[in-house]
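*Asks:* Sequence:
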Amino acid sequence: MDNSSILETIHMLEHENLDIRTATLGISLMDCISDDVDVVCKQVYDKITTLGADLVDEANAVGAKYGVSVVNKRISVTPASLILPRGTKEDFVKLAKALDDAAIKIGVDFIGGFSALVHSGMTESERALIEAIPEALATTEKVCSSVNVGTSKSGLNMDAVALMGKVIKDAAYLSRDADSIGCAKLVVFANAVEDNPFMAGAFHGTGLGDHVLHVGISGPGVVKTALEKFRGAPFDEVAQCISEMTFKITRMGELVGKEIAKRLDTPFGTIDLSLAPTPAVGDSVARILEEIGVGTVGGHGTTAALAMLNDAVKKGGINASAHVGGLSGAFIPVSEDEGMISAAASGALAFDKLEAMTCVCSVGLDMIAIPGDTPAETLSAMIADESMIGIINHKTTAVRLIPVVGKDVGDNATFGGLLGEAPILPVHKNDCAAFAARGGFIPAPIHSFKN
Numbered sequence: 001m002d003n004s005s006i007l008e009t010i011h012m013l014e015h016e017n018l019d020i021r022t023a024t025l026g027i028s029l030m031d032c033i034s035d036d037v038d039v040v041c042k043q044v045y046d047k048i049t050t051l052g053a054d055l056v057d058e059a060n061a062v063g064a065k066y067g068v069s070v071v072n073k074r075i076s077v078t079p080a081s082l083i084l085p086r087g088t089k090e091d092f093v094k095l096a097k098a099l100d101d102a103a104i105k106i107g108v109d110f111i112g113g114f115s116a117l118v119h120s121g122m123t124e125s126e127r128a129l130i131e132a133i134p135e136a137l138a139t140t141e142k143v144c145s146s147v148n149v150g151t152s153k154s155g156l157n158m159d160a161v162a163l164m165g166k167v168i169k170d171a172a173y174l175s176r177d178a179d180s181i182g183c184a185k186l187v188v189f190a191n192a193v194e195d196n197p198f199m200a201g202a203f204h205g206t207g208l209g210d211h212v213l214h215v216g217i218s219g220p221g222v223v224k225t226a227l228e229k230f231r232g233a234p235f236d237e238v239a240q241c242i243s244e245m246t247f248k249i250t251r252m253g254e255l256v257g258k259e260i261a262k263r264l265d266t267p268f269g270t271i272d273l274s275l276a277p278t279p280a281v282g283d284s285v286a287r288i289l290e291e292i293g294v295g296t297v298g299g300h301g302t303t304a305a306l307a308m309l310n311d312a313v314k315k316g317g318i319n320a321s322a323h324v325g326g327l328s329g330a331f332i333p334v335s336e337d338e339g340m341i342s343a344a345a346s347g348a349l350a351f352d353k354l355e356a357m358t359c360v361c362s363v364g365l366d367m368i369a370i371p372g373d374t375p376a377e378t379l380s381a382m383i384a385d386e387s388m389i390g391i392i393n394h395k396t397t398a399v400r401l402i403p404v405v406g407k408d409v410g411d412n413a414t415f416g417g418l419l420g421e422a423p424i425l426p427v428h429k430n431d432c433a434a435f436a437a438r439g440g441f442i443p444a445p446i447h448s449f450k451n
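Heads up: the sequence shown begins at 1 in our numbering, then just goes up one per residue.
A couple of the hints might just be wrong.
Each computed DSSO-like pair below joins lysine-lysine, with the alpha-carbon atoms no more than 27 Å apart [to be verified]:
1) K94 to K105
2) K314 to K353
3) K429 to K166
4) K429 to K314
5) K89 to K47
6) K248 to K258
7) K153 to K166
8) K105 to K153
9) K248 to K395
10) K94 to K142
11) K229 to K142
12) K262 to K229
13) K258 to K65
14) K47 to K142
15) K315 to K229
16) K248 to K229
17) K94 to K65
Computed beta-carbon distance windows for the label pairs [stated by the list, open to error]:
18) Q240 to A433: 47 to 57 Å
19) P234 to G207: 37 to 47 Å
20) A356 to T123: 29 to 39 Å
21) E141 to P443: 32 to 42 Å
22) A433 to V409: 32 to 42 Å
23) P443 to V409: 28 to 38 Å
24) G107 to P445: 40 to 50 Å
25) T414 to Q240: 34 to 44 Å
26) E90 to E141: 13 to 23 Å
27) V56 to D31: 18 to 28 Å
Please keep in mind that the hints were generated in silico from the structure rather than gathered at the bench. In this text, a Cβ means the ideal position worked out from N, Cα and C, and glycines have one as well.
Working from the sequences, and respecting the hints, build out all of it.
*Replies:* Structure (structure tokens):
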């Protein structure tokens, strides 16, 4: 690396919020399977605290060596529904507490994998886990949960979608004293990926090895600053600028991630190059879109700008490393992005525009606060809408909605830390009960059949 590149990287780290957003150690729990919940809980606790014992210290040491902040240290595990094949709701709550105890012991920020994959059907143990989610999230500190309800190959499991609407409502109620923050730790997916290092949706897929280290890197501020030199330039030059910056960011992330993995004696997995924002000024995806020229995010042109941004980020990352995976692209969580918060508060960014933007972003309807009296059936319909965007377009989509109990449009929800805050957005008042009650499956699209 030449002197100018070194100086440029130092400036990114010191002034433009470039960081390693997460180092996530994925751990397989398949060797912990048992019908005895006490045996499972002990084996799970022992394995996580053994393999993850040095994660925090080594990630901090590598970050200090290279002068880059490794903001979050996390664990992802095998979807919990698989390791208690005959588990009851009470068993899964007990397992969630064991996961939480292990995470607290080793000092990580979150542990993901209290999850079920029900896109093609639902076993009794998977249903029990899903029904346990509200209590599990309310009685733990660090546990995150996800449920995959559809894929482009299988279609959409509407029985699971209907159930998840009720689960979100229950999770909101049980954490009502903290602006229903329990829902911030729950994601409903279509086309979930097994190497995602970002919470709340991370889990360790069954196609992965016994343990693996993934990193997620983020630099919205870096991209925003670079684009300031391209005001008035044509779009192909803008896209090239974004790709070149993400190339550099990816190389830095691969260097740090591989060294953390080496120190942990763990295989290196993937780099998730996602422009994941924070509430801090200068760390916003919305401000990138505004720099591109849309005026205020949410206005006309926003979806096209986001599509170009997302594609350019992926191209830059893939050119830089053979290890790019996870979600990779641009995240648009409302409460976690200073520019998105501002646009939503002013009325420039509405729910329907957010849904349109999810057609081209990396994830979906993320960290959106809505009125606490929103019916469960409406939540289910929102999940169905967003899931079908992913299923039809062969992309991952997700829903992380927060019906804030006791609050309505005009109020504000505060979650703190990286989760930020958000104005309560209005939702459509149509009656979705008959839609949600149908159940069954929305079939996979015809173009998904490839063999």
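*Asks:* Could you run down the list of hints and mark each one as holding or not?
*Replies:* Structure-based check of all given hints:
1. K94 to K105: holds (17 Å)
2. K314 to K353: With Cα atoms ~23 Å apart, K314 and K353 stay inside 27 Å; holds.
3. K429 to K166: Satisfied, since the Cα-Cα distance of roughly 17 Å is no more than 27 Å.
4. K429 to K314: violated (37 Å)
5. K89 to K47: Holds, at roughly 23 Å.
6. K248 to K258: OK: K248 and K258 at ~16 Å, within 27 Å.
7. K153 to K166: Given pair K153, K166 holds - Cα atoms ~26 Å apart, limit 27 Å.
8. K105 to K153: violated (40 Å)
9. K248 to K395: holds (25 Å)
10. K94 to K142: holds (14 Å)
11. K229 to K142: Measuring from Cα to Cα gives roughly 41 Å; hence the hint is violated.
12. K262 to K229: With a Cα-Cα distance of about 38 Å, the restraint between K262 and K229 is violated, given a limit of 27 Å.
13. K258 to K65: holds (13 Å)
14. K47 to K142: Holds, because 17 Å separates the two Cα atoms, which is no more than 27 Å.
15. K315 to K229: holds (21 Å)
16. K248 to K229: Holds, at about 17 Å.
17. K94 to K65: Given pair K94, K65 is violated - Cα atoms ~39 Å apart, limit 27 Å.
18. Q240 to A433: 47 to 57 Å: holds (50 Å)
19. P234 to G207: 37 to 47 Å: holds (42 Å)
20. A356 to T123: 29 to 39 Å: holds (35 Å)
21. E141 to P443: 32 to 42 Å: holds (41 Å)
22. A433 to V409: 32 to 42 Å: The hinted range 32 to 42 Å is violated for A433 and V409, with Cβ atoms some 22 Å apart.
23. P443 to V409: 28 to 38 Å: The hint (28 to 38 Å, Cβ to Cβ) holds, given that P443 and V409 are roughly 36 Å apart.
24. G107 to P445: 40 to 50 Å: holds (44 Å)
25. T414 to Q240: 34 to 44 Å: holds (40 Å)
26. E90 to E141: 13 to 23 Å: About 20 Å separates the Cβ atoms of E90 and E141, which means 13 to 23 Å holds.
27. V56 to D31: 18 to 28 Å: holds (24 Å)
The earlier numbered hints that this structure contradicts are 4, 8, 11, 12, 17 and 22.
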